[in-house]
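Going line by line, the protein sequences match chains F and C.
Mapping of the first sequence onto the numbering used here: position 177 corresponds to residue 181, and the numbering continues sequentially without gaps.
Mapping of the second sequence onto the numbering used here: position 224 corresponds to residue 245, and the numbering continues sequentially without gaps.
Simulated from the structure, these hints should not be mistaken for laboratory data.
Keep in mind the model is a prediction, meaning the values are calculated, not measured.
Glycine included, every Cβ here is placed at the ideal spot set by N, Cα and C.
Each hint should be verified, as a subset may be incorrect.
[To be verified] Stretches of chain C that chain F covers, calculated by requiring three or more beta carbons in the stretch to come under 8 Å of a beta carbon on chain F: (1) 105 to 111; (2) 139 to 148; (3) 151 to 160; (4) 197 to 211.
[Claimed, not checked] Heads up, simulated EDC-like pairs for lysine to aspartate or glutamate below, C-alpha to C-alpha not over 16 Å straight-line: (5) C:295 / C:278; (6) C:245 / C:217; (7) F:106 / C:110; (8) F:253 / F:178; (9) C:190 / C:175; (10) C:188 / C:175; (11) F:106 / C:107; (12) C:82 / C:242; (13) C:128 / C:155; (14) F:306 / C:155; (15) C:145 / F:178; (16) C:162 / C:172.
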Amino acid sequence: MILTSSNRQMTRAWISRAFTGGTFLCTLAGVAALSVLLYQVLDEGVTRLSVDFLTTLPSRFADRAGFEPAIWGSVWVMGITALLTIPIGMGAAIYLELYAAKNWLTRFIQINIANLAGVPSIIYGILGLALFVRAMELQRSVLAGALTMALLVLPIVIIVSQEALRAVPSSLRDGALALGATRWQTIRGQILPVAMPGMLTGVILALSRAIGETAPLIMIGAFQYVPFSPGGVTDLPDCASWADGCPLKSRFTVMPVQIYSWAARPQEAFQQTAAAGIIVLLAVLLSLNSVAIVLRNRYQRKVRW
Amino acid sequence: MVVDNIARTQTERDLTSIPTIPQSERIAPISGAAVVDVQDFSAYYGAFRALDGVSMQIAEKKITALIGPSGCGKSTLLRCINRMNDLVDGFRAEGRLTYHGQDLYDKGVDVVEVRRRIGMVFQKPNPFPKSIYENIAFGPKVNGIKGNMAEIVEHALRQAALWDEVKDKLQQSGLALSGGQQQRLCIARALAVQPDVILMDEPCSALDPIATLKIEDLMRELAKEYTIVIVTHNMQQAARVADYTAFLMMRQDRAGELVEFRDTDALFTRPRDKRTEDYITGRFG
Numbered sequence: 005m006i007l008t009s010s011n012r013q014m015t016r017a018w019i020s021r022a023f024t025g026g027t028f029l030c031t032l033a034g035v036a037a038l039s040v041l042l043y044q045v046l047d048e049g050v051t052r053l054s055v056d057f058l059t060t061l062p063s064r065f066a067d068r069a070g071f072e073p074a075i076w077g078s079v080w081v082m083g084i085t086a087l088l089t090i091p092i093g094m095g096a097a098i099y100l101e102l103y104a105a106k107n108w109l110t111r112f113i114q115i116n117i118a119n120l121a122g123v124p125s126i127i128y129g130i131l132g133l134a135l136f137v138r139a140m141e142l143q144r145s146v147l148a149g150a151l152t153m154a155l156l157v158l159p160i161v162i163i164v165s166q167e168a169l170r171a172v173p174s175s176l177r178d179g180a181l182a183l184g185a186t187r188w189q190t191i192r193g194q195i196l197p198v199a200m201p202g203m204l205t206g207v208i209l210a211l212s213r214a215i216g217e218t219a220p221l222i223m224i225g226a227f228q229y230v231p232f233s234p235g236g237v238t239d240l241p242d243c244a245s246w247a248d249g250c251p252l253k254s255r256f257t258v259m260p261v262q263i264y265s266w267a268a269r270p271q272e273a274f275q276q277t278a279a280a281g282i283i284v285l286l287a288v289l290l291s292l293n294s295v296a297i298v299l300r301n302r303y304q305r306k307v308r309w
Numbered sequence: 022m023v024v025d026n027i028a029r030t031q032t033e034r035d036l037t038s039i040p041t042i043p044q045s046e047r048i049a050p051i052s053g054a055a056v057v058d059v060q061d062f063s064a065y066y067g068a069f070r071a072l073d074g075v076s077m078q079i080a081e082k083k084i085t086a087l088i089g090p091s092g093c094g095k096s097t098l099l100r101c102i103n104r105m106n107d108l109v110d111g112f113r114a115e116g117r118l119t120y121h122g123q124d125l126y127d128k129g130v131d132v133v134e135v136r137r138r139i140g141m142v143f144q145k146p147n148p149f150p151k152s153i154y155e156n157i158a159f160g161p162k163v164n165g166i167k168g169n170m171a172e173i174v175e176h177a178l179r180q181a182a183l184w185d186e187v188k189d190k191l192q193q194s195g196l197a198l199s200g201g202q203q204q205r206l207c208i209a210r211a212l213a214v215q216p217d218v219i220l221m222d223e224p225c226s227a228l229d230p231i232a233t234l235k236i237e238d239l240m241r242e243l244a245k246e247y248t249i250v251i252v253t254h255n256m257q258q259a260a261r262v263a264d265y266t267a268f269l270m271m272r273q274d275r276a277g278e279l280v281e282f283r284d285t286d287a288l289f290t291r292p293r294d295k296r297t298e299d300y301i302t303g304r305f306g
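Required output: the full structure, derived from the provided sequences and hints.
Now the structure itself:
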């Protein structure tokens with residue numbers, strides 16, 4: 005008899021099985037919590053979901069309160085944030101990873117960016133309030149909100165993009181440089197195509213984190229009750245046409261702020277409205293994530309590993 | 022371990038006790054024109070001296086092999102010739118390294134043009150993660166080489182003896198090829214920018230014997246038109262393909278030094294320096 009288990013072997017086989025089971029339970033815990041939350045929100049909010057909800061202005065009556073200004077507010081704020089952070093963030097990452105000499109200054113900048121990525125978002129709100137709203141006199145506008153969000157997202161975008169660039173094997177860089185390509189031709193032709201899927205994924209995940217941010221925007225004074233939509237330009241109270249700088253100068257609210265304001269009300273009916281708002285926010289988040297996946301796949305197909 | 026240590030000190034004692042032969046007898050001049058001329062050239066990585074006072078010439082349209090034990094600075098010397106070492110932080114060079122009489126480390130020299138004229142093939146095949154066609158076309162494109170790109174690609178692949186194997190799958194990924202084919206693709210890629218010199222850094226060390234033989238045949242063929250410098254770990258390979266061979270060694274302060282340089286037959290059959298003899302007879306390394 006040489007192939008039977010001794011006691012020791014039985015024990016270690018049991019430990020192995022227990023560990024597998026344990027890790028499975030950990031996975032289950034996350035998924036279960038998420039499902040319960042999702043079910044509660046859907047159960048509560050689904051009755052309030054309608055085209056009207058998406059296209060009407062808020063109201064002090066829960067059953068007539070609409071989400072339109074918040075949706076448009078989020079679209080404008082996030083759109084401008086993306087326009088600011090994608091080029092600046094990727095540019096900074098390319099410089100730090102591919103051009104900058106590895107000296108104390110680079111390390112100093114690097115450490116500070118990492119620290120900034122960990123700063124609580126409310127601090128960015130205070131900064132935005134002091135710098136954009138007051139010092140630059142942008143008032144409580146879409147632009148001030150977008151600039152604040154850009155500051156918040158930028159360190160994350162830089163770090164994720166750097167990771168993606170670092171993952172590109174240096175043999176590709178050497179290969180291209182050895183053919184007489186300039187640094188820019190090497191980056192443009194060989195490094196960026198390989199790093200792009202990772203960079204885009206990071207950017208979109210950072211943006212989808214920002215779209216759910218409430219604190220900094222409340223801090224700079226996003227309004228909780230906005231009886232107009234920055235989407236339709238002509239009927240805004242602050243400005244009459246695109247030429248006046250609308251919707252950049254317009255007052256605004258965003259989805260999470262609106263949801264927060266609804267959820268804070270005592271009336272039971274507003275809880276349902278808030279739940280409906282959460283469903284819309286989740287849907288927008290999920291579609292942003294799917295855009296990330298589609299873009300990643302598109303770029304990955306161009307690279308032929 | 023103990024035996025090993027004793028053996029090492031034994032070799033070291035042997036090596037240091039040898040009376041040094043004058044440099045003029047260890048380093049022979051080449052016959053014919055020199056493309057690259059190395060004069061009292063030293064290279065540093067930060068405070069570490071990797072190469073000390075190397076002087077030798079690279080003959081036009083010949084194959085020059087750089088051999089020596091690990092860490093002797095042969096790759097460093099190779100990567101100095103197309104200034105790839107500039108990419109290493111803290112790298113510094115002293116002495117003269119000229120290409121057709123022009124000092125490669127002069128202030129006015131355009132590194133990009135240096136690398137266009139002095140191509141390189143790396144130890145591990147490194148095709149771009151793109152189609153075979155795009156792998157070849159990238160170099161001519163970035164260097165603004167005019168002409169029919171399809172013809173340029175075909176010509177380069179024919180020169181690298183790869184055309185017949187890949188002509189029907191030019192749109193497939195370069196990484197789908199076998200290791201030997203990938204390395205020939207990298208050679209074709211280097212040829213497509215019309216270089217003058219090709220540097221090869223242990224091009225066969227990741228390949229099987231048959232692929233190695235193919236690359237060696239290819240090198241002999243290419244030496245009719247190009248000047249080739251090859252770093253190799255494999256002494257037999259140097260003996261098979263090279264016209265000239267340089268033997269480098271690490272001194273006790275770990276700086277690489279050129280021990281002997283002459284035509285391959287002479288170096289392998291009648292080495293002047295005791296260290297060369299010990300190395301090629303397999304006594305160390």
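* Asked: Given the proposed pairing of residue 188 of chain C with residue 175 of chain C, does the C-alpha separation stay at or below 16 Å?
  -> holds, 8 Å
Discussion item. Given the hinted pair residue 190 of chain C and residue 175 of chain C, is their Cα-Cα distance within 16 Å?
Written reply: holds, 12 Å
Open item on the list: Check the hint pairing residue 162 of chain C with residue 172 of chain C against an upper bound of 16 Å on the C-alpha distance.
Closed with: Holds, because 13 Å separates the two Cα atoms, which is no more than 16 Å.
Discussion item. Given the hinted pair residue 145 of chain C and residue 178 of chain F, is their Cα-Cα distance within 16 Å?
Written reply: holds, 11 Å
Coverage of the stretch 151 to 160 of chain C by chain F, judged on three or more residues with CB within 8 Å: holds (count 4)
Pairwise hint evaluation, residue 242 of chain C against residue 82 of chain C, where the allowed Cα distance is 16 Å at most: OK: residue 82 of chain C and residue 242 of chain C at ~11 Å, within 16 Å.
**Message:** Given the hinted pair residue 295 of chain C and residue 278 of chain C, is their Cα-Cα distance within 16 Å?
**Reply:** holds, 15 Å
Verdict on chain F covering the stretch 105 to 111 of chain C, criterion of 3 CB contacts below 8 Å: Our answer is that it holds, as 3 residues pass the Cβ test (under 8 Å) against chain F, meeting three.
Given as covered by chain F, does the stretch 139 to 148 of chain C meet the bar of three residues or more with CB within less than 8 Å?
-> That given contact holds, which follows from 6 residues of the stretch 139 to 148 of chain C lying within Cβ reach (below 8 Å) of chain F.
Residue 106 of chain F and residue 107 of chain C: Cα distance at most 16 Å? holds, 14 Å
Is the straight-line distance between the alpha-carbon of residue 106 of chain F and that of residue 110 of chain C 16 Å or less?
Roughly 7 Å separates the two Cα atoms, so the pair holds.
Are the Cα positions of residue 253 of chain F and residue 178 of chain F separated by 16 Å at most?
The hint is violated at about 48 Å.
Of the numbered hints stated above, those contradicted by the structure are hints 8, 13, listed in ascending order.
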